[in-house]
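Engineer: Assemble chain B onto chain A, guided by the hints.
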Amino acid sequence: MGRIAIVVGFFALVILLAVGLKRDPREVPSPLIGKPAPAFELPRLGSAQRFSPKDMQGKVWLLNVWASWCVTCRDEHPVLVDFARTKRAPLVGLNYKDQSDDARKWLARFGDPYQFSVVDADGRIGIDYGVYGGPETYLIDRAGVIRFKQIGPVTPELLTGKIIPMIAELER
Amino acid sequence: MIAELGHFALALALCVAFAQGVLPLVGAARGNARWMAFARPAAAAQFLLVALAFCALGWSFAQNDFSLAYVAQNSNSKLPLPYRLSAVWGGHEGSLLLWILMLAGWTLAVALASRSLPDALVARTLGVLGLVAAAFHAFILFTSNPFERLARVPADGRDLNPLLQDPGLIFHPPMLYMGYVGFSVAFALSIAALASGKLDAAWARWSRPWTIAAWMFLTLGIALGSIWAYYELGWGGWWFWDPVENASFMPWLIGTALIHSLAVTEKRGALKSWTLLLAITAFSLSLLGTFLVRSGVLTSVHAFATDPRRGIFILVLLALVIGSSLALFVARAPRGATGGAFEVVSRETLLLVNNLLLAAACGTVLLGTLYPLAIDALGMGKISVGPPYFNTVFVPLMVPLLFFVALGPQASWHSASLAELAARMKYALLFAIAGGLAIPFAMGSFAPLVALSMALVLWVVASAWLQLRARVAPAGPGVRTRLAALARQPRHYWGMHVAHLGLAVFVVGVALSKGYESEKEVRMSPGDTLTLGMYGVRMLGVREAPGPNYTAVVADMELVRDGQVVMRLYPEKRHYFSSQMPMTEAAIDPGLTRDVYVALGDPLGGGAWSVRAHVKPFVDWIWGGCLLMAFGGLLALLDRRYRAAARATAASEAVAAARA
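Chains as they are written, first to last, in numbering that gives the first Met the number 0: chain A, 0 to 171; chain B, 0 to 659.
This is chain B alone, in the form it adopts within the complex:
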């Protein structure tokens, strides 16, 4: 009954979404205010209906309603309740429902927060979002209905994939989808701008917070997924260049470019077409990612069981959405140089270079992701493209990017002087080179790539410091005065620096954990000690431990440093009742300067086990950096000027309305 209610709500949501897609768009084209006004209530109704459907599915999971095929396949009565609830998005159908819930949520947010926008722009934006939603509703209802009943009800469910039975499942997909789907707003705003031909600074100012918000969630979502992979997959890696990881990374790269290009469009009125193209591309890549994951054209740890009908449906959807937006772009985007012109040496140029590097990076990831598909399609065999390719092509693009990240904020708009830039930055450059050369020696051994990375990190940090110093210098001497001046800086300015420093922190983590990792795999019996650098790992014993839906073997270990026990570690090997694959639960002693990571391998007979231990210097900085980047986004988002602008527009409208 509850499930049927959910199904019905979804069907109704399709109708509402369709109406939300058609009426306001036609209304905007004809200048019919009543049709345009339909957009907001429709967005609200759609959100309520999707939320209802989502809750109905959650309820069915909580109640162990195995008469639903989707619940039977992804849950089990022994599965703990938090996982039963997050199992809602543990499979194909429910993931799509989460996708559409996010879309409805973003749509509602636009409807609520757009009071100060011109009515036609709001109507068009919500209309485009409605059309996208309608397409996805149809996809769910016709090919991937999560409310389908089974003719024969199984006594118990097949259980959730053990890999997914982790707190990571609770947070990673919602966060990731928030980001992924969030780019739909910038996309819809772009389509609305193309349709109306109005593409001014106000439009760019409106697009910025939405883009930054989506980017922030995507950053967090990707970071969470990476942490999850790090401790759950059991071999200590944090990024695998898996097609599905790439699918989330590509919109991130383009989204990052979009944030910067929007800044140019808003401040200088330049790069308009480029900004539009990036906004369309970011969301198109989100759709492409959805296609790659959902259609099963690529093998991946994330791929679910596939159905060819789904693939065709979503491909047609993809072709329609992206094709029509690109067609609109080609027909309507402003041609040639628009807005403010700029010199070769200027902040605009530097931001454009940053954009091109990010776009090129995205292109290489796309190429590597689709290459196996192309080779297979041409009948040339089955291959897979792995980290060697990605590391080879990606790293060389990141080096100039980091170099320019430091320069961009230093250069002035319109026209900057190269000589002046060089004079300002020469000590920073010397500092970076000296530090970059020194740090590897301090870490124990020299490695060229580490030296280069650290030099770039110091270059970014030094540049930020120089800038902040220059910014507060006019306030006068004295530490207090300067701190007070710092505190007065607008939040978006802080946001930029925090995000750039986050990038630097991230690079520290990547370079040092890769450069100075030590690893050992040995046979251990109770009483044995494994020595790894200055750490010892002593195995005390191994015991069986039952879990709710698995049995586990838990090793009792001590982490020893200088003869002192630092921490007890309990790596596990779990056998879930529902799966043949044993799961490795690594034990980690996290730290600011290093992680000690211990994973239990296979039993070797006679009470002995294979045990793998890693010491990973600075590995947590990788996620710390991501967190800083996201925090930078949050700061920029909270900037006063967005709210001030909103208030100003609302006030002027009120005045205009009062006069009329």
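Chain A on its own, in the form it takes in the complex:
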């Protein structure tokens, strides 16, 4: 009897762990989904102009958090460059806790997929948006409501499977 219990218990444990693997414990649904994107006004990188999310009213757009110190951002970068070429939706960069010089050099070296980037040097806006670290990407609809948030790099699969269809739906 006891031996059967051991075997059954062990199988239950393995099944539990297998199911648990498919779930991400950190994937706490962002409280910002369905809420208006927090307002800000920040200078653009390398320009005197300022930008605020309300400038994008009426457009479906993407806000991508990046920094030159962020190694994963560099992996994500070519995906964004390809996406920008399709001109599917405006992509704005939020240059997060970075040195502007480093950021400009980084874009010059690897290419600039962004319509423009805004400078969040001290990370204050990052706090409003609940940024864990780079990269993160927000999909914002015409009314300025956050519809989707990606923590970590945007992948080609995520773009074609989720983000681009969502853009199409939101633009309808």
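No lab work stands behind these hints: they were computed from the structure.
Honestly, I wouldn't trust all of these hints.
[Unchecked claim] Straight-line alpha carbon distances no greater than 20 Å define the calculated EDC-like cross-link-like pairs of lysine to aspartate or glutamate that follow:
no.	chain 1	residue 1	chain 2	residue 2
1	B	77	A	101
2	B	266	B	165
3	A	104	A	127
4	A	86	A	121
5	A	58	A	168
6	A	104	B	199
7	A	86	A	168
8	A	96	B	155
[Said to hold, decoys possible] In silico negatives: residues of chain B with every beta carbon more than 10 Å from chain A:
no.	residue
9	29
10	290
11	322
12	373
13	602
[To be verified] A few chain A residues that don't get close to chain B, going by computed Cβ distances all over 12 Å:
no.	residue
14	8
15	48
16	86
17	146
Built from N, CA and C at the ideal position, the CB exists for glycine as well.
Structural biologist: What follows is chain B alone, placed relative to chain A:
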């Protein structure tokens, strides 16, 4: 080039480990001595190859080779060299490399120290260790290669997580892994015993020192981690019931049970199946811990970036290793009562009760650790299980455990008399109750839980004293004679008492620091004094201090008692260049009867800071107790009889060989 050499060494180690796993096992099954003899040289070769790979990674860190993805992610050219070297195990890939280095080290130790063991047992044990090693080599090579190069080389590394930039990183993980992985030896010996069906006192005597050694390292490793958390995390706690802490604590609990059950198996030939099951469980829990930490199924301060492939791989590994050993256990373990029978009141029974309590404690920890996972898996939401659960279920199990810790060594094997036990222990019981009631009043206020804990502590101490007295009584009267008799006691006997006293010391620390802690959080400007009990903490000023890869704000404080300055304290707040999170470096004035712990909070503007101070009575006894427990293990390990037994067997073998 060096990195490629390391990578190659790892790949070669996989092949060697596989051969070490297969050939000797087949050889043992067929009685082929030459195949069995392959185990020892293979173990040595494997250790050399893994050590080479490990050194290659260390070299890459020392040389700031940021073309390696792992180095780029966990180091920085500004990072001081000792931390660059310990950053080797600061991330996922390197931790696994450390894991496998430890496994190779233990395997080599078995190969070297097993001259007196039967060849088939050695071959099987090393074979099982080889198979485990092969699985982990494959895991590293296919999912977690630390030698992977980056296509684009960054100018500098991302730096080691600031939480890890502490001497704790240098000592805690190696010590912990020594213990964790060390249970693999008892595991392999058990599998070998199951495979051969030979499960005698000699087998148990062989398993004991390996189990005790692993347990000793695990005790030290857990204690080091706890000290680290105490001063580094900045809120003065010493145990958080974090999933990863639990992952190391569960093998410890089962390992403790195993040590005791091995004693019964060796001395009395009883509890054989139970001993085997514990040995399998201890190592399985080590593997489960590795899975929980490495797969990222649970959130924890220790969790690293995760990759689903890794989780699947290690889950399959876990299922294969544990599943096949349990299957072997179910099929082959001796059934029913084996070996020496024992009465209801006997040392065997008491040790079995101790085992069941430890196993139950482990079960509650496992339940609490996996419960959030189960709830999430059932789609019932995200919850976390914290100290309230663990304290509620764990403490009630520890109370009877402490009670029986004192009784176990008093009872005789096979059959003890309850009346005799009661007669011997009645004054100890009275002493414990009286002392338990008195101590809280001496500390200032009565608390039932403190009284209970202290009574149990005194109960354990009094029992040890009674026993030692009874042990030396036959030597005759006179302090000298008795001390001489004490000194003659075997080391394993001392080891037991030292470890049990360590447990008592540990409980003193837990109970008193929890029961009589005082804490204050205030706003302070230079010149202000915070009063906490009989201590005052005066802030003299705050200054900036640059570090190698961070800037710090250091508060200059004086600890005052009775108008006298006891000590200068320098709590820090560090901002590492690589991280947004400020790190708190608490300043501690440690003491035998209390710690004064001061942590700098946030700036409040106008030169004012929030400052938190704790006075923690007897908190250092927690780690002192752990140290005593580990020292008890060391004493038991150094016992003559292991070496004597080894020599005797070797001698008899030599004689047999000479005759043949």
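Engineer: Now look at each hint and say whether the structure bears it out.
Structural biologist: Do the hints match the structure? See the list:
1. Distance hint between residue 77(B) and residue 101(A) is fulfilled; the C-alpha atoms sit about 18 Å from each other, no more than 20 Å.
2. A C-alpha spacing of about 45 Å is found between residue 266(B) and residue 165(B), which places the hinted pair above 20 Å, so the restraint is violated.
3. Of the pairs offered as hints, the one joining residue 104(A) and residue 127(A) is violated, with about 27 Å between alpha carbons and a cut-off of 20 Å exceeded.
4. In summary, the hint linking residue 86(A) to residue 121(A) is not supported, as the alpha carbons are separated by about 30 Å, beyond the 20 Å threshold.
5. Taken as a hint, the residue 58(A) and residue 168(A) pair is honoured in the structure, with Cα atoms around 13 Å apart against an allowance of 20 Å.
6. Restraint check for residue 104(A) and residue 199(B): not satisfied, since their Cα atoms lie roughly 71 Å apart, outside the 20 Å limit.
7. For the proposed pair residue 86(A) and residue 168(A), the alpha carbon gap of about 16 Å is at most 20 Å, so the pair holds.
8. Restraint check for residue 96(A) and residue 155(B): satisfied, since their Cα atoms lie roughly 17 Å apart, inside the 20 Å limit.
9. Distance check for residue 29(B) against chain A: the nearest CB is about 29 Å away, which clears 10 Å, and the non-interface claim stands.
10. Separation of residue 290(B) from chain A is inadequate, the least Cβ-Cβ distance of about 7 Å not exceeding the 10 Å criterion.
11. Annotated as non-interface, residue 322(B) brings its C-beta within 10 Å of a C-beta of chain A; the closest such distance is 7 Å.
12. Against the 10 Å criterion, residue 373(B) falls within the reach of chain A, whose nearest CB is about 6 Å from its own CB.
13. Consistency note on residue 602(B): stated as away from chain A, and its beta-carbon is indeed over 10 Å from all of that chain's, at 15 Å minimum.
14. The non-interface label for residue 8(A) is inconsistent with chain B: the shortest C-beta to C-beta separation is roughly 9 Å, within 12 Å.
15. In this structure residue 48(A) is separated from chain B by more than 12 Å, as the shortest Cβ-Cβ distance comes to about 27 Å.
16. Against chain B, the non-interface label of residue 86(A) holds: every CB pair exceeds 12 Å, the least being about 26 Å.
17. No Cβ of chain B comes within 12 Å of the Cβ of residue 146(A); the nearest lies about 22 Å off, and the non-interface call holds.
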